Amino acid sequence: MPLRIEIVSPEKRLVDREIDMVVVPGMEGDIAAMPDRAPLMLQLRGGVVALYENDKIVDRYFVAGGFVDMGPDRCTVLADSAQLMSELSADEARDRLRDLETQWAQIGPNDVDAHDRMSREIQSVRAEIEAVENPAFL
Amino acid sequence: MASLKELRGRITGVKSTRKITNAMKMVAASKLRRAQSQAEAARPYAEAMRRMMAELAAATRGADAASLPTLLAGTGKDNVHLVVVLTSDRGLAGGFNANVVRSARQLIDSLLAEGKTVRILPVGRKGGDILVRHYPSMIVEQLSGTEGKDVGFDKASAVGAKIITMLEAGGIDRCTLVYNRFVNAMTQIAVQAPLVPLPVAENDNAEASDAAQYEFEPDEATLLAQLLPRNLQVQLFSALLESAAGEQGARMTAMDNASRNASKAIDRLSQKYNRTRQANITNELIEIISGAEAV
Numbered sequence: 001m002p003l004r005i006e007i008v009s010p011e012k013r014l015v016d017r018e019i020d021m022v023v024v025p026g027m028e029g030d031i032a033a034m035p036d037r038a039p040l041m042l043q044l045r046g047g048v049v050a051l052y053e054n055d056k057i058v059d060r061y062f063v064a065g066g067f068v069d070m071g072p073d074r075c076t077v078l079a080d081s082a083q084l085m086s087e088l089s090a091d092e093a094r095d096r097l098r099d100l101e102t103q104w105a106q107i108g109p110n111d112v113d114a115h116d117r118m119s120r121e122i123q124s125v126r127a128e129i130e131a132v133e134n135p136a137f138l
Numbered sequence: 001m002a003s004l005k006e007l008r009g010r011i012t013g014v015k016s017t018r019k020i021t022n023a024m025k026m027v028a029a030s031k032l033r034r035a036q037s038q039a040e041a042a043r044p045y046a047e048a049m050r051r052m053m054a055e056l057a058a059a060t061r062g063a064d065a066a067s068l069p070t071l072l073a074g075t076g077k078d079n080v081h082l083v084v085v086l087t088s089d090r091g092l093a094g095g096f097n098a099n100v101v102r103s104a105r106q107l108i109d110s111l112l113a114e115g116k117t118v119r120i121l122p123v124g125r126k127g128g129d130i131l132v133r134h135y136p137s138m139i140v141e142q143l144s145g146t147e148g149k150d151v152g153f154d155k156a157s158a159v160g161a162k163i164i165t166m167l168e169a170g171g172i173d174r175c176t177l178v179y180n181r182f183v184n185a186m187t188q189i190a191v192q193a194p195l196v197p198l199p200v201a202e203n204d205n206a207e208a209s210d211a212a213q214y215e216f217e218p219d220e221a222t223l224l225a226q227l228l229p230r231n232l233q234v235q236l237f238s239a240l241l242e243s244a245a246g247e248q249g250a251r252m253t254a255m256d257n258a259s260r261n262a263s264k265a266i267d268r269l270s271q272k273y274n275r276t277r278q279a280n281i282t283n284e285l286i287e288i289i290s291g292a293e294a295v
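If you read the protein sequences in the order shown, they are chains A and B. When we follow this note's numbering, the leftmost residue of the first sequence carries the number 1, and every step to the right adds one. When we follow this note's numbering, the leftmost residue of the second sequence carries the number 1, and every step to the right adds one.
Pulled out of the complex, with its shape left as it was, chain A reads as follows (with noise of 0.2 angstroms):
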């Protein structure tokens, strides 16, 4: 029985199909979810979703954290952004965190809201250089 499987950004709905499993970025860890699995739903970080057919890689989507929802026939991904992997570019992944990098400088120590949610930012930023420069590792 395949997977169906939905990343769906605020701008757009990227992916609409059916696959054999599915990796994705959680909070704690990345998760395979594969038909017929236990509802499952997820925070993710920044990292990379892989989609997979026949044990092998068909597509690999970069997404900047979000939620997935898992159930046993389908895995929907709401990303805060996503763009596929062969359109991202290490350099201006670069400068984006050089510009990050200054903004966390300049929050005040008691701003916990700001903190964390730069650190998000931060992570996912890092994680998309690291995905675009070593894609070996994934």
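Hints in this document: simulated from the structure, not taken from any laboratory. Be careful, since some hints might not be right.
[Claimed, not checked] Calculated lysine-lysine pairs in the DSSO-like style (CA-CA distance at most 27 angstroms, straight line):
# : chain 1 : residue 1 : chain 2 : residue 2
1 : A       : LYS12     : B       : LYS31
2 : B       : LYS19     : B       : LYS162
3 : B       : LYS264    : B       : LYS15
4 : B       : LYS25     : B       : LYS162
5 : B       : LYS116    : A       : LYS12
This one's a predicted model, so the numbers in the text were calculated from it and none came from an experiment.
Starting from the known structure of chain A, arrange chain B on it as the hints suggest.
Relative to chain A, chain B alone:
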């Protein structure tokens, strides 16, 4: 009978009105294209989010309501309803605002008839003005809409934050959103969408008992604390986009009608003008001829 001078004045007047309505139509048409593509692009995300939330609501239905976040299950009471009404800031958009307000008033009146307390949060100046007149004591605060600019996510966040604050302070028990859903440039449908508590998935109950074993990662409280406010913002954002696209569509249609009516009025007035002119000439001729005959 109107004099020639008066008629000329009226024709110029209607012509300049037509110029304005025509220009407004063009502006609305170009804004519509943008707003429409934005609204349509945001739909899948909001829909997937809504589906996910409905499943979540179904999965947690059996649990003790008091232990769940209020955004998910409500406060457990059903006394105070908040009605959020999205309208435009500017008029001249046909029945756009009237439609939403009518739907909102139906909802409010039926809630009042059931003996509930109703509070109203109008977003957008036009609807706010009408609702203030009808229910002056129930308005929480009048928020402006998008003021003609693009819809930003911060607007949705701001409205969402207000709702959450009221909910946590215990000021409201339930919340419903009333807005215009964009269908096409001619049609907008006024929709009432429940925001709090989350609507439960209707599909089948067999799945609900099964789905009760949802697992959460990280733990349920942390995930829900992130997911629920996010859902509220996304639903508001999508509604704001729909409403903005609907407004431009409604304005375009209304201004198109107005331009057409102006053209018709100009035709009618021109004909009247020409007839009057002809009658005047005939009169003068008759006067000259009968004058000559008398000599």
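- Please name the hints from earlier in the document that this structure breaks, with their numbers sorted from lowest to highest. 2, 4, 5
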